[in-house]
Amino acid sequence: MRESLIKAQPWLGLISRLVLGGVLFIAGYLKVGTPDKSQMAVRAYEVLPISLANLIGLLLPYVEIGIGLLLILGVYTRISAALGGAIMVVFIVAIAQAWARGLTIDCGCFGGGGQVAASETKYLSEIIRDTALVLLALYLIRYPNTKFSIDKSPKLAK
Amino acid sequence: MGKKDAGAPKKDNFTRNLVVVVVVGVILIMLVPTLISKQGDKTAAIPASVSSSEGYGIVFNADLVGKPKIEIYEDFQCPFCAQFEAMAGEYLEDLIAKKEAKVVYHPLSFIGDESVRAANAAACAADENNFLAFHKNLYSNQPSAENSGEWSNDYFKAAGLGVGITGGNFASCVDNLKYQDWVVNVANEGGKRNVNSTPSVFVNGKLIENESIRTNQIFDLNKFKSAVAKG
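Protein chains in written order, with the working numbering: chain A, -16 to 141; chain B, 211 to 441.
What the hints contain is simulated information worked out from the structure, not anything from laboratory work.
Only a predicted model underlies this, so the values are computations on that prediction, with no experimental measurement involved.
In silico DSBU-like links for lysine-lysine, alpha-carbon gap of 35 Å or less:
#1 Lys433(B) / Lys105(A)
#2 Lys248(B) / Lys402(B)
#3 Lys309(B) / Lys402(B)
#4 Lys402(B) / Lys105(A)
#5 Lys105(A) / Lys435(B)
#6 Lys105(A) / Lys416(B)
#7 Lys279(B) / Lys416(B)
Using the sequences plus the hints, can you model the full thing?
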């Protein structure tokens, strides 16, 4: 049992990398062409001053694409996973505060965003999804040796 | 990485660093043009009816005093904006014609390329003193899908003809995206005003919540009229 877990570990790592990195990459890719919308989505959380929210709305899709690519390729896996996980924690906090304050917004995670009707909010499922991604990030921080990664030194490969 | 990796060969680190540099480089190359285009250009061409002091909106009855000011932030591709226009369009045109309100239209473009083209074409129509008819025409023919390719420059030129705009100025204005930089300015001003959904309607500077002018999820003209009357 223990042996097979050890054997499976780099493969689980690969899956974690591809899922976390893939979600980040797609999320960034879907937003990168519509900066106005992305800025609107960040403003709608009503946390940051408007000018800072607009700057983050502009930069965030590029950051997501970057971390997503590094994870997919498996470069500096532990650091990339830590960054990806940290972003997800920020998202969870942002969504939770919007929920707690009774705002009615779309998270804007994959494009979209801004204010929506109260019946269209999906806070719980958004938080569950992001929490699952944080768990993948934690797994990668604990076990950064994964299959098919650029990180892996050729000498260690078996 | 872990302990085992501590002695990883240098060649490996070189590859990793190279990949990081390439990824960061490609992203910067993509990011910089976006940052520049989002700067906006205060010297951009604007239609005669546009006022930079009104958030670059298209203004009707600019000099009217003592009457309500109605500001509408909208996106030509937004379905709720089409619903709002169907409900309030004629009423607003009436207020404008009778000089009973100052009305400012802010065509936003957050849905994408075809919103930019539509806003540009609407500004071109404003130059021909035909903004309101063109505005109504676009909303009543809004494509069911966003950025589907249906709203091309040729489409807008035909729509212009449909509301009686003739002559080459309009066509070249549409084709050359003459007011493209103005569209960026409108969007930036909307962002600064914290407009986070469309339509966003302000009466005398106060945001009218969309929920408050709907009945059973549908825009209600009577509720909107009383919101305007209340000021």
